[in-house]
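Q: Listed here are the chains, written in short residue letters.
4 protein chains.
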Amino acid sequence: MIFTSDNAFGVAPEILRALGRANGGGVPSYGEDEITKGLTRRFSDVFEHEVAVFPVATGTAANSLALATLTPPFGAILCHEVAHVNVDECGAPEMFSGGAKLIGIGGAAGKIDPEMLAATLKTFRHGDVHQVQPRCLTLTQSNEAGGVYSLPELSRLVGIARDFGLKVHMDGARFANALVALGCSPAEMTWRLGVDVLSFGATKNGAMAAEAVVFFDSELAGDFAFRRKRAGHLFSKMRFLSVQLEAYLEDELWLRNARRANAAAKRLADGLKATDGIEMLGEVEANEVFARLPMAVFKGMMKMEAAFHPWPNPDDAAGGHWMQTIRLVTSFETTDEEVDRFLALVRK
Amino acid sequence: MIFTSDNAFGVAPEILRALGRANGGGVPSYGEDEITKGLTRRFSDVFEHEVAVFPVATGTAANSLALATLTPPFGAILCHEVAHVNVDECGAPEMFSGGAKLIGIGGAAGKIDPEMLAATLKTFRHGDVHQVQPRCLTLTQSNEAGGVYSLPELSRLVGIARDFGLKVHMDGARFANALVALGCSPAEMTWRLGVDVLSFGATKNGAMAAEAVVFFDSELAGDFAFRRKRAGHLFSKMRFLSVQLEAYLEDELWLRNARRANAAAKRLADGLKATDGIEMLGEVEANEVFARLPMAVFKGMMKMEAAFHPWPNPDDAAGGHWMQTIRLVTSFETTDEEVDRFLALVRK
Amino acid sequence: MIFTSDNAFGVAPEILRALGRANGGGVPSYGEDEITKGLTRRFSDVFEHEVAVFPVATGTAANSLALATLTPPFGAILCHEVAHVNVDECGAPEMFSGGAKLIGIGGAAGKIDPEMLAATLKTFRHGDVHQVQPRCLTLTQSNEAGGVYSLPELSRLVGIARDFGLKVHMDGARFANALVALGCSPAEMTWRLGVDVLSFGATKNGAMAAEAVVFFDSELAGDFAFRRKRAGHLFSKMRFLSVQLEAYLEDELWLRNARRANAAAKRLADGLKATDGIEMLGEVEANEVFARLPMAVFKGMMKMEAAFHPWPNPDDAAGGHWMQTIRLVTSFETTDEEVDRFLALVRK
Amino acid sequence: MIFTSDNAFGVAPEILRALGRANGGGVPSYGEDEITKGLTRRFSDVFEHEVAVFPVATGTAANSLALATLTPPFGAILCHEVAHVNVDECGAPEMFSGGAKLIGIGGAAGKIDPEMLAATLKTFRHGDVHQVQPRCLTLTQSNEAGGVYSLPELSRLVGIARDFGLKVHMDGARFANALVALGCSPAEMTWRLGVDVLSFGATKNGAMAAEAVVFFDSELAGDFAFRRKRAGHLFSKMRFLSVQLEAYLEDELWLRNARRANAAAKRLADGLKATDGIEMLGEVEANEVFARLPMAVFKGMMKMEAAFHPWPNPDDAAGGHWMQTIRLVTSFETTDEEVDRFLALVRK
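Residue numbers (my numbering), protein chains in the order written: chain H, 1 to 348; chain D, 1 to 348; chain C, 1 to 348; chain L, 1 to 348.
Be aware that one or more of the hints could be misleading.
[Unchecked claim] Listed below are several chain H residues computed to face chain D (Cβ distance under 10 angstroms; list not exhaustive):
| # | residue |
| --- | --- |
| 1 | ASN7 |
| 2 | ARG230 |
| 3 | LEU241 |
[What the hints assert, rightly or not] Using 30 angstroms as the maximum straight-line C-alpha spacing, the simulated DSS-like pairs for lysine-lysine come out as follows:
| # | chain 1 | residue 1 | chain 2 | residue 2 |
| --- | --- | --- | --- | --- |
| 4 | D | LYS273 | D | LYS299 |
| 5 | L | LYS299 | C | LYS37 |
| 6 | L | LYS122 | D | LYS303 |
| 7 | H | LYS37 | D | LYS303 |
| 8 | D | LYS37 | H | LYS303 |
| 9 | D | LYS37 | C | LYS122 |
| 10 | D | LYS303 | D | LYS273 |
| 11 | H | LYS266 | H | LYS299 |
| 12 | D | LYS303 | D | LYS348 |
| 13 | C | LYS299 | H | LYS122 |
Treat the hints as calculated values from the structure; they're not laboratory data. We put the beta carbon where it would ideally sit given N, CA and C, even for glycine.
Chain H with its partners taken away, still in its complex shape (with noise of 0.2 angstroms):
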């Protein structure tokens, strides 16, 4: 009973074999072998526009990258004050920028109130030597609390990124859950919007080591291939990489994955919810799972074989420590059986 995280799981079966199909033989390096070729073509099809896809073996890496090819050096990036690139990812955005500086915004379930948002565009004077110039949103779907943005809350954010003449980014670390849980498709909840670049993730979905960058605009993407490969992230034996993305977009085994994923949280959130003296925080919308147990349940519960990591809240603090705030991640390999046995475990 793992739910520490989705990356903690392993390679999808149907990846790993993909891994076996594209080995033998002689074939060029670097991307330009045929595997890698044709993601072009899957992935325009996929989101139903022509894109330009640039597969890289982190999520660190598609957002460090992207972000530093929309933001010059003296540019700010806002994002989500708990956002993964701007509180887990030590300082790679300023790194690979070259010290662009990350502006941090509030919000309720870790989605980005557009009123502070625009609030905090205002304050900033466009073309002020004094100032970093905000040049850059990024939004990442689902978040970092386990929140799925609406489409009209991803539309009223990216309008008002648009009207500040910022280009916007989309962290879809986890893109599959949220895809999945809106009931979209992909083009909705991305460049009909106006989403200008997407982190399309497939490593926490079953991926061994495997994200695409996904530029809508392709002029946009006019350094992108320099800055991959002048930070390492450009594989020679590419097409292992490519392999990954290739069999994750194969019979939707990306959408199957996350559904999984997403439901074995639900049935857990349903059974928490069912059981006394548990808090909820927030709705589940993806494959995270954020509750308030007593402290005598979580410790117990530690001494169990059930692995979950305890979250950071301040209200557990102001409440005496009564209480303790814990994550639950869900992952494509979670199956009912080890949710029911999770929630045995909490309600003995």
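On the provided structure of chain H, position chains D, C and L as indicated by the hints.
A: Below, chains D, C and L alone, put in the same frame as chain H:
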């Protein structure tokens, strides 16, 4: 018949199988898994020395992160003028180090000339703020021109570097090929000579995408883990990177693969030497062969199913382009039969 | 009647004369001249401590070079959320440090709240590669909101920084104004409390363009000279930079100028306090006065020959914009007569 | 008798007086003053072209900021192998550009050889992500070896750069000396040939610390103001920087000073040529003289009150060190009498 590059080949079956073996179950991410932790012991055994090991996926990352750890932004990195880090990385060492300067030194067969190294180091004034300060020497073993430094050659270069207070890095993208060529131990080719940090390559010799940065002095490794994360080179599902290295070392797969590649190169070279009209360039010490073909032969070969690269050589131009230099790279997958077929084509 | 900023004023006559005195003849360049060399002695005397001194021309350079010397690229610099380095330098500390992250801490009157500082530092996990690592605290004395830290306040903040292993930098763009306000010695306000590096400002208080970066621990200064050169901040005709600092310290010009500025600010504040309808913000401790004027008075003043800046204040908006906050800065050139004329205008 | 460098000299009296003239009163800071604003008109007149002008205090800043504006981090800057930006700036262009690479080209008398430039540019593959991409050529006029490019020489080099899509920067630390040497107009030596950006030096020719970055195409200047601020090179009391440039251009002070320096160099060279045993190196075109002295004469001179620098010359070593190369730099302050006294000492 693929002789374009060793990275045009696939993954050794032992390594592919290891990926499958590592799959399944939930394990701690970001290198906290047992496979990754076990690498320290394995590498320490191989090198007969306590080492700190950091897996990364590309040679660009391994070299650039290592050099950035050894060199401040105002430092200089001395390298051969045709070293990969100097001419084939799109400025990656400059990016990772925050703008350190690479100083190219000449020397035959891709080997740094010790006289030139010493002469260059003497032109720098230690502590003069107007100049970048030499802090690091990087040696490629085996190198871009197919050469392998002998142990006395390495020792002399390392000695000069030490005399001027420099740290020494070894770019071992083809470390195994060099080791097998010299017939010495890993210890003898590295820390016993004074090498501080090694980029231990596996990708070109059978891994999918795996290199190890090996610090022989763990004091020097201080910042490395932060730099790796910040550059997007810390993998969440790290076990799949680490297990490639584990399998690579297991049962001397790395040495067996390198012996195969070197033997194929030797057979190729011997065959070419015995062929009229062909001129060999340099000794074939590892898995690269450089030869000059009459232009007619070259043009004929280009139409065949043999794949290889012409190589820039000013002598070809100076000689009126009657000859064309080519590079042939063999790999762990190259068979004697392929070599013989290639030779037959050339002779025809 | 200029109250816009202390950098809107000119050069103290003593300093202008010193420039002429330094002229003539050929002297060694790049700081090898006698005037520059003599600064070490002068500053060591003033601070009653052996110091290493580096003149630069701007406060941006002084602060950013000092912070970059104390903080690795993966480090974090803690500062007040409205600190000049955080909001008014177009990301200069980020540039000089290679992408370190500034973490803004709240607190009234531009002073970092010690509880908030400690709480923020506790959220960082030492050695966790996913997070930037706090390495430096920067304190502005006197600060952007006109506040002056008392010695106990400074001591407490420095103590917290030390407890978490941070180095301490002081942004002393208005160091003299703070010193005069507290009536203590330079030593008492700096190294005796544990401050490691000081940006000792002179420009705002009568120099043309001169600041000194003062290291109380010369060990820490290691890289500074290289960083200064590399950033274009080593002057060839350095004596003209150094002689400004020499004259600034001579006969306590710096303290006399600061006393004048502070006294003018006090007279201004007393006058405003005694005026109906005007609300003072914070204590006037150095040479800045913040006050809220009825909007009609503000608008009237804007038509007069008095120059000053409105200041952003959310309370103004919240109150329906019936009041307007303004900032008034006095300088070494501000006369009592000017202050009185200003007060007369306000009352009219 | 100072012949060490033109930056060993002081400030022209006209410029020192101008500093006093600019003093007094409160004026807008950060370049919003009338003196700074007026520079656009003055420079546009001098260059017979609409220009964008940015004053900075050092040549390092002028060159590095200009090059960083023209070159992305993955770009290459082509320069002479002994260019100041390549060997005497501690890697400043690398810092400002975020790690761009300088490629040194050979050529006699400090002048880039056009054949070598074209040959080097041909080795780069446009769009190949493995290589830095050449984006900028920088030419020093007059250069580090005392040479001055003729207009046809400049035209040819600029033409080659244009053919390969490069922008052209001119390092004019000694622009006036070159201009006077050629007897042409500022327009003829810059934009009419295709130069895009000029570092217009004043410090070496009589200013205290002032250079102007001049963009002939204001489109290119886009980011410059942000980069200047972010690098700490925007002065708060900017008028004192700008007024130096104003006085420098007034009544052709710049040309008069340069004529004086050049005439002194010519007198010095003519005298040395007429002296037995002394060998001249290169033509004396601007204000630098390179000569080889018999070692005995050199040693004798070192004991006299004449100050000058020995200069590294491999020929001296090859010849058994019987001769010593020296560099003599004249300035606007050098008198004929000083030159004659120096010559008398040599002859003795």
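Q: Now, for every hint given, state plainly whether the structure supports it.
A: Going through the hints against the structure:
1. Here the hint on ASN7/H is kept, as its CB sits about 4 angstroms from the closest CB of chain D, short of 10 angstroms.
2. For ARG230/H, the interface hint holds, the least distance from its beta-carbon to any beta-carbon of chain D being 4 angstroms, beneath 10 angstroms.
3. The interface hint given for LEU241/H holds, since its Cβ lies 7 angstroms from the closest Cβ of chain D, which is under the 10 angstroms cut-off.
4. A threshold of 30 angstroms between alpha carbons decides the hint, and for LYS273/D with LYS299/D the separation of about 19 angstroms falls inside it, so the pair holds.
5. For the hint linking LYS299/L to LYS37/C, the alpha-carbon distance of about 28 angstroms falls within 30 angstroms, and the restraint holds.
6. With a CA separation close to 26 angstroms, the supplied pair LYS122/L and LYS303/D stays within the 30 angstroms bound.
7. Distance restraint check for LYS37/H and LYS303/D: the Cα-Cα separation of roughly 24 angstroms lies within the 30 angstroms cut-off, and the hinted pair is therefore satisfied.
8. With a C-alpha separation of about 24 angstroms, the suggested pairing of LYS37/D with LYS303/H holds against the 30 angstroms cut-off.
9. Note on LYS37/D and LYS122/C: the hinted pairing holds, with a Cα-Cα distance of about 28 angstroms set against a maximum of 30 angstroms.
10. Taking the CA atoms of LYS303/D and LYS273/D, the gap is near 22 angstroms; set against the 30 angstroms cutoff, the hint holds.
11. At roughly 24 angstroms between alpha-carbon atoms, LYS266/H and LYS299/H fall within 30 angstroms of each other, so this suggested pair holds.
12. Of the supplied pair hints, the one linking LYS303/D and LYS348/D holds, its CA atoms being roughly 13 angstroms apart against a limit of 30 angstroms.
13. Annotation: proposed proximity of LYS299/C to LYS122/H holds, straight-line Cα distance about 23 angstroms (limit 30 angstroms).
The structure agrees with every numbered hint stated previously.
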